[in-house]
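Chemist: Sequences are here, hints too, so could you generate the full structure?
Quick note, the sequences are listed as chains G, B and P, same order.
Using the numbering used here, you'd call the opening residue of the first sequence number 796 and step up by one each time.
Using the numbering used here, you'd call the opening residue of the second sequence number 46 and step up by one each time.
Using the numbering used here, you'd call the opening residue of the third sequence number -10 and step up by one each time.
Bear in mind the hints are in silico, worked out from the structure with no lab data behind them.
Possibly wrong hints are sitting among the right ones.
Unchecked claim - Once the Cα atoms are required to be at most 30 Å apart in a straight line, the calculated DSBU-like pairs of lysine-lysine come out as:
| hint | chain 1 | residue 1 | chain 2 | residue 2 |
| --- | --- | --- | --- | --- |
| 1 | G | 1052 | G | 1099 |
| 2 | G | 1107 | P | 340 |
| 3 | B | 139 | G | 871 |
To be verified - So the derived list for chain G, only partly shown, Cβ under 10 Å to chain B, looks like this:
| hint | residue |
| --- | --- |
| 4 | 851 |
| 5 | 872 |
| 6 | 876 |
| 7 | 895 |
| 8 | 901 |
| 9 | 960 |
Here the structure is a predicted model, which means the values were calculated and not measured.
Positions of the beta carbon are idealized from the N, C-alpha and C atoms, including for glycine.
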Amino acid sequence: MARIELNHLAHSYMPTIQSPEEFALKELNHVWEDGGAYALLGPSGCGKTTLLNIISGLLIPTHGEIRFDGEDVTRKATEARNIAQVFQFPVIYDTMSVYDNLAFPLRNRGVAANDVDRRVREIAELLELSDTLKHKASGLTADAKQKISLGRGLVRADVSAILFDEPLTVIDPHLKWQLRSQLKHLHKRFNYTMVYVTHDQTEALTFADKVVVMYDGAVVQMGTPEELFERPKHTFVGYFIGSPGMNVVPCHIDGDKAMVAGHAFAMEQGFSKIPTGASLEVGIRPEFLSLSREGSGPEVSIQKVEDLGRFKVASVRLEEHEFKVMVGEDQEVPTDGARLIVDPTHVNLYANSHLVEEA
Amino acid sequence: MNKWSDNRAWWLVLPVVLIVAFSAVIPLMTVVNYSFQDTFGNNEFFWEGVGWFQEVLRSERFHSAMGRQFLFSFIILAIEIPLGIVIALAMPRKGFWVPFCLILMALPLLIPWNVVGTIWQIFGRIDIGLLGAFLDNIGVEYNYTQNTLDAWVTLVVMDVWHWTSLVVLLCYAGLQSIPDAYYQAARIDGASKWATFRYIQLPKMNRVLLIAVLLRFMDSFMIYTEPFVVTGGGPGNDTTFLSIDLVQMAIGQFDLGPAAAMSLIYFLIILLFSWVFFTIMSYLDRVEN
Amino acid sequence: MTLTLENVWKTVGDEVHIAEANLSLERGTLNTLLGSTLSGKTSLMRLMAGLDKPTRGRVLFDGQDVTGVRVQDRNVAMVYQQFINYPALSVYENIASPLRIAKAPADEIDRKVRDAAAMMKLEPMLERTPSELSGGQQQRTALARALVKGADLVLLDEPLANLDYKLREELREELPKVFAESGAVFVYATTEPTEALLLGGNTATLHEGRVTQFGPTLDIYRNPGNLLTADVFSDPPMNTLPVSIRGGVVSHGEILSAPATDVLSKVPDGDYVIGFRPNHLHLHNREAGFIAVKTRVAVTEITGSESFVHVDFGGQRWVSLTHGVREVEIDSNIEVYLEPSKCFVFDAAGKLVAGPWTAGGEN
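Modeler: Listed below in structure tokens is the structure:
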């Protein structure tokens, strides 16, 4: 297992670079701790796959270096990096049995036959593949195939990091839950350094200790799921994480309150200095809004209520601004005279889309 | 997936059925007819039973022609298939050179067969041919009209030159369908070049390879034009393959009965091999799913 | 228009692809086919479209038998998981293509294309070719083309599966509006329960080629008629436990025994399987009447707003979904709490006997 350092890393697919926009990956500096589970999360084209390819050795970055445990591997070939990777579509050796698939990386490295056997059986046990060891790998279901690809990484004792490239794309929702919790379990037990690329927030948030949110070639925030949820550093993070995303509406500041359409929203955390002339917005998650007939919040009109079983999402209008409000399964949405109640501890202020830190 | 049953579809098939009937089924039936009868001209026929078949099957001439035929097909396959795979593997997977290589590979396939024969016939001549004269000059004794080995080498080299491209193109198509992730996974697993070939490229190519083997077998088994042009079956009868023998018998000697019987045996051999290939292919298909 | 399937079967060789499908879909409604991969969603759509002919049974459009009428002769539009557009044509021409085939007048084509483009937010891209579009825009183009066709039946086979999470969210929100305006029969296949709930309308749950239930989406979510439906229609999957309910006591072997209250009290004595969704398995004893169960923690997953705690109990793996961040030590023993008022009770055959939203007893 290894600690991964990314120093001044940047990449462009263009042979010569004329403008900063031509960087598919803009300069970044990060240290990923040994044994950590990291997720790279972002929409397609955000640079997450470029970053993964740099880590796996498929791409040599235009600038900067990458280190595994202090050793510079920037120009090292994939096979010399001791990484394992699980791809979007299961990659298995069709003609081999499950056993031979798992043994393949060890045999290639000249490991003694009895060690291979011991290791393969151990990993098969761990991944619940023991019953299928004799089967041909090509006949198995997609989730079993993904387990085999993972297993081929795990059998090696010297793996520095395990990379995942949207590994659950072809897996049914029910099995996703099983596979994900199995992954999590493996991580907790063996402390592998894991890097997981996905556009699916649920996968990223549930998998990772630290989520790296990427947008337009740059890292907009790296943090724990809790930080990303409660204090998004950028309105994009607020929008991208959470379903529905954060409500972001223009406001201005009056004293220590944010004013939206003439109504004051209290902000318990307070805020530091606001850059002059910046355009201001408040961000409040639907989870921290509620509707009530009583209370002091501004009156809103209900536009639409979507019942999603476990909870409801009400779209409400306050003057020209629309808010989404999450309503619990057993709670009623008032049809008229509804007031918008805001949790003052969870109101974030944004200047030019960036979070204004608390005072 | 089973499709609609719609009786109108038969009308669409009808023209093909008619064409096939006139071009293949009726001539074949004529051949069948000849193979059981004897004629001395004047359109008079006598019933011969399976006599011609017995005669052909027992004849030394047929045995040696068939032996040569199998040997030729075997040599051709043994060279063209591995060579085709090697060239396909060596071709660039993407970039500027891809169209260039593809065109280069396709060129020999575009040349008519008798032209190929003529090219090599001249190419190998020791008086005016580039190859023949060159070999002669550097002191190699080479004469495909007199030396059996030289004749065979010339025919094999010609066929390899003409048809390896087909194998290359088929293999290349098979290789192109392998996603990048497979190669990457193989690198991560520390697979050698050979292991990558054995466990990724070859399995992904096995379907196209079967087609290549089948096509090359059938084609080489029926080869006629090129050896006819280059060696005319000689020296002696040393490059007289089944098809050349057949034509000599039917047109040269006008032995219609034995020639017809031989055609049918020839036809059945090819049919048998095609069936075996088909069975193997569909078996592999089932195994894969 | 109504699309009716009457006792439709589809078998290929000895494999049953669709068994005994009976459905009636109304014009202007959105009907979701919910089931896992290979549960028969695509097979069912192909039968509806007329791409395949049923082995048995009838397909009716407005009461008229169309079994055996080919897809070309029906007015059907289809959108697939892969983004399928004409690569050489502009977005405008892509959308216009079904109208051009139908030889519609030029001004009508222009009007319809622009309407559909506006609905799908494609107006700025009309002159581009599909290769210059993002995945979401390509799929919008395919959807717009299906819309202008004015088809009686529009089939959408996991149309959002290849899109980014957030794009999916946006399109999901727009689609029901578009459906309501068009007035065709819409059929939408998905593997995700959340998607079915977001789209609303009706849902048919599929399991191994069989329609296990059909009705308004929320009704099915709240009243799954059997264990199969409940299992298909729950994400994370529904937690289950075989129990015995006798003399007002619910028990599971030696390890669980508690008074059977609320839903659990509405059934006659016997052996049952109870099911409860992850959001009704609590980590805190909030109300009286909750049943405490001692479990062992397998995994915890935290999304920032919610926590999924996976626990093992008597050979069953359960998931508890709670608001907020709940860090629980793996392999520690914790008490979790069942909410009897939110339990579904299924009999030995898997049929729902009582549930939180049923009258209880007789259903």
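Chemist: Decide, hint by hint, whether the structure agrees.
Modeler: Outcome of the hint check:
no. : hint            : result
1   : G/1052 x G/1099 : holds (28 Å)
2   : G/1107 x P/340  : holds (28 Å)
3   : B/139 x G/871   : holds (23 Å)
4   : 851             : holds (7 Å)
5   : 872             : holds (7 Å)
6   : 876             : holds (8 Å)
7   : 895             : holds (9 Å)
8   : 901             : holds (9 Å)
9   : 960             : holds (8 Å)
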